[in-house]
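A.B. asks: Given next are the chains, with one letter for each unit.
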Amino acid sequence: MTPFKTLTSIPAALRIMNIDTDMIIPKQFLRTIKRTGLAAGLFYEMRFDEQGNKKPDFILHREPYTQSTILIAGENFGCGSSREHAPWALLDFGIRCIIAPSYSDIFFNNCFKNGILPIVLPQAQVEELMNRADDKQDITINLPDQKIVAGNTVYDFDIDAFRKHCLINGLDDIGLTLEKETFISTYEENRSKERPWV
Amino acid sequence: MPKTLFEKIWDAHVVHHANDGTCVIYIDRHLVHEVTSPQAFEGLRMAGRPVRRPENTLAVADHNVPTTNRNLGISDPESKLQIETLEENVKEFGITYFGMNDKRQGIVHIIGPEQGFTQPGMTIVCGDSHTSTHGAFGALAFGIGTSEVEHVLATQTLIQKPAKTMRITVDGTLSAGVTAKDVVLHIIGLIGTAGGTGYVIEYAGSVIRDLSMEGRMTVCNMTIEGGARAGLIAPDDKTFAYIKGRPMAPSGENWDKAVAWWKTLPTDEGAVFDKEIHINAADIAPSVTWGTSPQDVLPITGIVPNPDDEPDTNKKAAIIRALDYMGLTAGTKLTDIPVDKVFIGSCTNGRIEDLREVARVAEGKKVAATVQAMIVPGSGLVKAQAEAEGLDKILLAAGFEWREPGCSLCLGMNEDKLNAGERCASTSNRNFEGRQGRGARTHLLSPAMAAAAAITGKLTDIREMK
Chain A
1 MTPFKTLTSI PAALRIMNID TDMIIPKQFL RTIKRTGLAA GLFYEMRFDE
51 QGNKKPDFIL HREPYTQSTI LIAGENFGCG SSREHAPWAL LDFGIRCIIA
101 PSYSDIFFNN CFKNGILPIV LPQAQVEELM NRADDKQDIT INLPDQKIVA
151 GNTVYDFDID AFRKHCLING LDDIGLTLEK ETFISTYEEN RSKERPWV
Chain B
1001 MPKTLFEKIW DAHVVHHAND GTCVIYIDRH LVHEVTSPQA FEGLRMAGRP
1051 VRRPENTLAV ADHNVPTTNR NLGISDPESK LQIETLEENV KEFGITYFGM
1101 NDKRQGIVHI IGPEQGFTQP GMTIVCGDSH TSTHGAFGAL AFGIGTSEVE
1151 HVLATQTLIQ KPAKTMRITV DGTLSAGVTA KDVVLHIIGL IGTAGGTGYV
1201 IEYAGSVIRD LSMEGRMTVC NMTIEGGARA GLIAPDDKTF AYIKGRPMAP
1251 SGENWDKAVA WWKTLPTDEG AVFDKEIHIN AADIAPSVTW GTSPQDVLPI
1301 TGIVPNPDDE PDTNKKAAII RALDYMGLTA GTKLTDIPVD KVFIGSCTNG
1351 RIEDLREVAR VAEGKKVAAT VQAMIVPGSG LVKAQAEAEG LDKILLAAGF
1401 EWREPGCSLC LGMNEDKLNA GERCASTSNR NFEGRQGRGA RTHLLSPAMA
1451 AAAAITGKLT DIREMK
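Taken in order, these protein sequences are the chains called A and B.
In terms of my numbering, the first sequence opens at residue 1 and continues consecutively.
In terms of my numbering, the second sequence opens at residue 1001 and continues consecutively.
Keep in mind that a hint or two might mislead.
The calculated lysine-lysine pairs, modelled on DSS-like cross-linking and capped at a C-alpha distance of 25 Å, are [unchecked claim]:
| # | chain 1 | residue 1 | chain 2 | residue 2 |
| --- | --- | --- | --- | --- |
| 1 | B | K1257 | A | K193 |
| 2 | A | K180 | B | K1161 |
| 3 | A | K193 | B | K1003 |
| 4 | B | K1008 | B | K1275 |
| 5 | A | K164 | B | K1161 |
| 6 | B | K1366 | B | K1275 |
| 7 | B | K1164 | A | K164 |
| 8 | A | K5 | B | K1257 |
| 9 | B | K1080 | A | K34 |
| 10 | B | K1244 | A | K193 |
| 11 | B | K1263 | B | K1008 |
| 12 | B | K1103 | B | K1393 |
| 13 | B | K1008 | A | K180 |
| 14 | A | K193 | B | K1263 |
| 15 | B | K1003 | B | K1164 |
| 16 | B | K1366 | B | K1393 |
| 17 | B | K1008 | B | K1161 |
| 18 | A | K34 | B | K1164 |
| 19 | B | K1393 | B | K1365 |
| 20 | B | K1008 | A | K193 |
Derived contacts from chain B toward chain A, CB cut-off under 7 Å, selection only [said to hold, decoys possible]:
| # | residue |
| --- | --- |
| 21 | E1078 |
| 22 | T1146 |
| 23 | S1147 |
| 24 | H1151 |
| 25 | I1159 |
| 26 | R1229 |
| 27 | P1311 |
| 28 | N1314 |
Ranges between beta-carbon positions, derived for each pair [said to hold, decoys possible]:
| # | chain 1 | residue 1 | chain 2 | residue 2 | range |
| --- | --- | --- | --- | --- | --- |
| 29 | B | D1102 | A | E63 | 50 to 60 Å |
| 30 | A | I16 | B | S1212 | 36 to 46 Å |
| 31 | B | K1003 | A | A161 | 22 to 32 Å |
| 32 | A | N53 | B | E1084 | 29 to 39 Å |
| 33 | A | G151 | B | S1212 | 51 to 61 Å |
| 34 | A | K136 | B | S1075 | 39 to 49 Å |
| 35 | B | R1463 | A | I16 | 33 to 43 Å |
| 36 | B | K1164 | A | N53 | 38 to 48 Å |
| 37 | B | S1075 | A | N53 | 25 to 35 Å |
| 38 | A | S185 | B | R1321 | 44 to 54 Å |
| 39 | A | A161 | B | D1102 | 44 to 54 Å |
Keep in mind that the hints were calculated from the coordinates and are not lab data.
C-beta: ideal position from N, C-alpha, C; glycine also.
Isolated chain A (complex conformation) (with noise of 0.2 Å):
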């Protein structure tokens, strides 16, 4: 997984709450064996009419928006289905940051997964920030300070512990899990004396 540092971006702010997963990345793209080239489907309905030709007014085929490396969405962003494929196509297309008022929790979990700083802001800052992005100002979001700097703004923003280290190291969290093998086999021998069914 690739390090999260600092990002420096002008974001592309997409005004709607509730966008699930389905329109992130659609059914007919979830029928790959990969987790790359997933970018084609990103927002594919919103991206492409019937004929799959592009709609040049969509806020990524527009400029600068075409170069966002930072997404900025109303509340509730990425909820429904547990499709992984969502955060994969909004990497392969380029996002590894996100800021929204909120997100679902699937969604959210399968960010850091990923390499991909889900940013949670309140609405009033969000929409300032939703402001500048179409006034195409950039903004730098540093993960080791939790700061946005947007010119002479500087927002805080809060981040699990855990999560910020693994996204700052690029850490796999199944080799963490694995180190504690003892704690698990242990759990284990315990489990099957007290729970024999399971």
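For chain A, the structure is supplied; the task is to place chain B on it using the hints.
C.D. replies: Coordinates of chain B only, in the frame set by chain A:
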């Protein structure tokens, strides 16, 4: 200190507790399907890791399987490859698998309970958000992404922090025509699609206790539509009776031990929840969604809402977008909305009780000439049971299509999908834009209401059906 059901299950599964509160929790059961697992198995292979507990893992093909002419195989090459990949993976890693032509095959959340794989007090995961279904048995069950599927395959654990707890108590008596589906749609309308974010919801009260296991599964299934991590219902005698004798259920001495432990699980008197919601059963009507989020729900007697009545700018924009997508005009009576298709099935409403309900409404009647109505049983065993009861004959005589089990039109990954602009009365769980096909319009409702819509050709108040 008195504990909630959630806290009891959580405490029984903590493998390691770090100082910052991050826990490694043990996973008792892992369900696997073809769509969200190939990359996880590939990850194991790349790292040279085995599956830690293949005997606690059960795999099935459901999302991509055809629901007609199964003898011809799968025509779509990508779908075919995905299922073949699962078949190779289960063989390589030694996992029990119900293939497409196994009579036990079906939707992953239907077969878990059906096989007795799902039991109270367990932690159960699957790379599918509707894993919340299994909470009906008093199991802590939730959906995970593919990276976590790989994590569970490799370690039989997950890294998590405890959720907040919410209790939703539904007391009183349900009115005529009101089902488990209406109860959960009403709840989502009340709390909103993000209302449960960060919580595990325990459903309680006389209405929940009186529901069948099938009804409880419907309620827990749609918990994810309210944003919660998981839904839970205290296990009781009804739960134990459902499990007893199933192929993967405990037996003999183990059965008695298991039941004794299961009986200790319900929330203690005086346990404190982070949030409590009380609902009066009399306030719940037969319900239907009008928009593109499960929270866009109204009693069937309602009218399509007017965006101008919404003071919040963002919410108003969402209503305008939804009405435009759904092709609806504010003020239209819901019962005046015609439908083109009816879908009965899914992990929400593809169980035997649902099919009995549809047959009860449809018996001796005909599907409207303007409607295509399909029934997709949740599993091969549900289908066989329905056929043993003669339900298929009633339904076929009424003009419904009787298909093979799978996820089907709930998400339209196989060839079952709607065309742009088509409107569907659906017993499934999501009415998102494009969910059932690009430009497709979905109205979520109960099996009885779906059957009524199939017959009248429009959204119908089940209480008006003669």
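A.B. asks: What hint numbers does the structure not satisfy?
C.D. replies: 6, 8, 18, 27
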